[in-house]
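Chains C and X are the protein sequences, given in the same order.
Using this note's numbering, the first residue of the first sequence is number 121, and each one after it goes up by one.
Using this note's numbering, the first residue of the second sequence is number 121, and each one after it goes up by one.
Just so you know, not all the hints are guaranteed correct.
If you anchor each label on the Cβ, the simulated ranges turn out as follows [to be verified]: (1) SER327(C) with GLN135(X): 51 to 57 Å; (2) ARG238(X) with ASN380(C): 37 to 43 Å; (3) ASN380(C) with LYS334(X): 51 to 57 Å; (4) GLU234(X) with LYS326(C): 40 to 46 Å; (5) LEU402(C) with GLN375(X): 46 to 52 Å; (6) ASP253(C) with SER249(X): 56 to 62 Å; (7) GLY287(C) with GLU234(X): 49 to 55 Å; (8) GLU234(X) with GLN146(C): 20 to 26 Å; (9) GLU164(X) with LEU402(C): 19 to 25 Å; (10) PHE398(C) with PHE260(X): 48 to 54 Å; (11) GLY287(X) with GLN257(C): 24 to 30 Å.
For lysine-lysine, the following DSSO-like pairs were computed, each having C-alpha atoms within a straight-line distance of at most 30 Å [stated by the list, open to error]: (12) LYS377(C) with LYS326(X); (13) LYS326(C) with LYS326(X); (14) LYS401(C) with LYS326(X).
Hints were generated in silico from the structure; no laboratory data involved.
What you are looking at is a predicted structure, and each value in this text was computed from that prediction instead of being measured.
Ideal Cβ placement from N, Cα and C applies to all residues, glycine included.
Number of protein chains: 2
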Amino acid sequence: MPLNTEDWFTEVAPQDGTAFSLKLKQKVHEEQSTYQRIEIYETERFGTLMIIDGCVMLSDRDNFLYHEMLTHPVLFTHPDPRRVLIIGGGDCGTLREVLKHPSVTQVHMVEIDERVTRLAEEYFPELCSANKDPRAQIHFADGIQWAADAEPGGYDVIIVDSTDPVGPAAGLFAEPFYRSCLRALGPQGIFVQQSESPLLHSGLIKSIHDELHKAGLVNTQLLCFPQPVYPSGWWSATMASAANPLTRFREDAQQVKALNAEYYNTDIHRAAQAVPEFLRKLL
Amino acid sequence: MPLNTEDWFTEVAPQDGTAFSLKLKQKVHEEQSTYQRIEIYETERFGTLMIIDGCVMLSDRDNFLYHEMLTHPVLFTHPDPRRVLIIGGGDCGTLREVLKHPSVTQVHMVEIDERVTRLAEEYFPELCSANKDPRAQIHFADGIQWAADAEPGGYDVIIVDSTDPVGPAAGLFAEPFYRSCLRALGPQGIFVQQSESPLLHSGLIKSIHDELHKAGLVNTQLLCFPQPVYPSGWWSATMASAANPLTRFREDAQQVKALNAEYYNTDIHRAAQAVPEFLRKLL
Numbered sequence: 121m122p123l124n125t126e127d128w129f130t131e132v133a134p135q136d137g138t139a140f141s142l143k144l145k146q147k148v149h150e151e152q153s154t155y156q157r158i159e160i161y162e163t164e165r166f167g168t169l170m171i172i173d174g175c176v177m178l179s180d181r182d183n184f185l186y187h188e189m190l191t192h193p194v195l196f197t198h199p200d201p202r203r204v205l206i207i208g209g210g211d212c213g214t215l216r217e218v219l220k221h222p223s224v225t226q227v228h229m230v231e232i233d234e235r236v237t238r239l240a241e242e243y244f245p246e247l248c249s250a251n252k253d254p255r256a257q258i259h260f261a262d263g264i265q266w267a268a269d270a271e272p273g274g275y276d277v278i279i280v281d282s283t284d285p286v287g288p289a290a291g292l293f294a295e296p297f298y299r300s301c302l303r304a305l306g307p308q309g310i311f312v313q314q315s316e317s318p319l320l321h322s323g324l325i326k327s328i329h330d331e332l333h334k335a336g337l338v339n340t341q342l343l344c345f346p347q348p349v350y351p352s353g354w355w356s357a358t359m360a361s362a363a364n365p366l367t368r369f370r371e372d373a374q375q376v377k378a379l380n381a382e383y384y385n386t387d388i389h390r391a392a393q394a395v396p397e398f399l400r401k402l403l
Numbered sequence: 121m122p123l124n125t126e127d128w129f130t131e132v133a134p135q136d137g138t139a140f141s142l143k144l145k146q147k148v149h150e151e152q153s154t155y156q157r158i159e160i161y162e163t164e165r166f167g168t169l170m171i172i173d174g175c176v177m178l179s180d181r182d183n184f185l186y187h188e189m190l191t192h193p194v195l196f197t198h199p200d201p202r203r204v205l206i207i208g209g210g211d212c213g214t215l216r217e218v219l220k221h222p223s224v225t226q227v228h229m230v231e232i233d234e235r236v237t238r239l240a241e242e243y244f245p246e247l248c249s250a251n252k253d254p255r256a257q258i259h260f261a262d263g264i265q266w267a268a269d270a271e272p273g274g275y276d277v278i279i280v281d282s283t284d285p286v287g288p289a290a291g292l293f294a295e296p297f298y299r300s301c302l303r304a305l306g307p308q309g310i311f312v313q314q315s316e317s318p319l320l321h322s323g324l325i326k327s328i329h330d331e332l333h334k335a336g337l338v339n340t341q342l343l344c345f346p347q348p349v350y351p352s353g354w355w356s357a358t359m360a361s362a363a364n365p366l367t368r369f370r371e372d373a374q375q376v377k378a379l380n381a382e383y384y385n386t387d388i389h390r391a392a393q394a395v396p397e398f399l400r401k402l403l
């Protein structure tokens, strides 16, 4: 059935031979920022939708999967996460989830494009509901430079919530950046990064693991989870550390309940650590 | 980006406001069988593709996820699965996976549409590689009637590998059919059924659990797994039994290795049992 392009937003992944479409009610905003083209739509069934450079960033309906899985596993893996750095994450959903953890005393969110955050404040207000938390500092700056300049050992957890590894985000998937992160974390810190689709991007996942190892983040743990609006509907994050073990985590039923999560729970944490057989052989 | 409909197959899910497309090389077959419209394509990146009544049934590239998860969890959960009934499963991928289990002595596959199997033999020969196994009997008949007529206690495991719950498959998601299955299984048997998308069809999943309970299959266990070519890319199966516990399973490293699986392993089995928080509350 042909899709009328007036009524649908379609993201084509040419290298994968796939496309994913969402039915629209209307376009509500479009602009070219200094860094990228940003569009906002109201969809029929997925709520508000943000597109950057033609790629789906998030929808109201299913962003809980990605935001919960990029934050709660790493924060429950660290024994006492206090100071957190988020690189990217301009929609503020990751910031909101991090701030649900009572141990956290300070979060620096470093997003390169202020317009993403300003549009999130307008069109995704529930994701920005923690932006005024006194523990949160939002900086509009280059995350690679921020990590390079960071005080050694100044963070317990670094979360990289970026776009795909092309353009300005490419440097976030390479050894020099990982070395900066390790220095900023100190030996006890834990790093996590969105790492694309297990089915479509297994080569990239392998490269991320290899670069992390080269940088000295020698423990790595893949986390898999669903994300329907991203290519293949199946997504991953990669945790890494120099010393902290990544397979055990704090199981605190009270604290998990207080998250009010839609996807995450202790069983889901453990489940995300299971590595599919084809990836176990590759990694 | 508009999709040239000559070059792409697109499945629209109107009630979900989503569409998924695969880039094509060419259409290689199309026919109207007694039951449904069947199309076969060669895709750019997902190998051969079978479409039934406009819905993606399977692709070469990712059918391993669905077929492994519909078979290995239930067969490792049963203490000694010997006699297996597959309802549907015309592409024979489920049959092939079942026959990898050395305890299995007899498999009845009951597919309503012989044309699906004949086309699978031609276009998906690797899925049909076990069709000549002396333990396998393929019958072209109505699965609902087959279950109603089955010898009481004649099967250890019943696997329902059907299309969506519309048209002829609707009866496969309702209490009378489940009662037939329970009788055919006897008290020690285990049932499993593909149960659609956790995100898009949670109401159906709840209804399946409720109907199973009403029929006397009072233990239920949801299994979640990725399936990129199905709507949302996230899929599920529901296991059920009258007596056998469903959370424990045989962990036999030798036997798992012999499966030569691409997705399934013992960790993945356990992971599939983790129920997302929003579904835990619903079920």
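Now the hints, each set against the structure:
1. SER327(C) with GLN135(X): 51 to 57 Å: 39 Å, violated
2. ARG238(X) with ASN380(C): 37 to 43 Å: 52 Å, violated
3. ASN380(C) with LYS334(X): 51 to 57 Å: 32 Å, violated
4. GLU234(X) with LYS326(C): 40 to 46 Å: 43 Å, holds
5. LEU402(C) with GLN375(X): 46 to 52 Å: Check failed, 23 Å falls outside 46 to 52 Å.
6. ASP253(C) with SER249(X): 56 to 62 Å: The hint (56 to 62 Å, Cβ to Cβ) holds, given that ASP253(C) and SER249(X) are roughly 58 Å apart.
7. GLY287(C) with GLU234(X): 49 to 55 Å: Given range 49 to 55 Å: holds, Cβ gap about 52 Å.
8. GLU234(X) with GLN146(C): 20 to 26 Å: 48 Å, violated
9. GLU164(X) with LEU402(C): 19 to 25 Å: Taking Cβ atoms as reference, GLU164(X) and LEU402(C) lie about 23 Å apart, which means the hint holds.
10. PHE398(C) with PHE260(X): 48 to 54 Å: For PHE398(C) and PHE260(X) the Cβ distance comes to about 34 Å; the hint is violated.
11. GLY287(X) with GLN257(C): 24 to 30 Å: For GLY287(X) and GLN257(C) the Cβ distance comes to about 57 Å; the hint is violated.
12. LYS377(C) with LYS326(X): 23 Å, holds
13. LYS326(C) with LYS326(X): Status violated; Cα separation ~38 Å.
14. LYS401(C) with LYS326(X): 36 Å, violated
Taken one by one, the earlier hints fail for this structure at numbers 1, 2, 3, 5, 8, 10, 11, 13 and 14, listed in ascending order.
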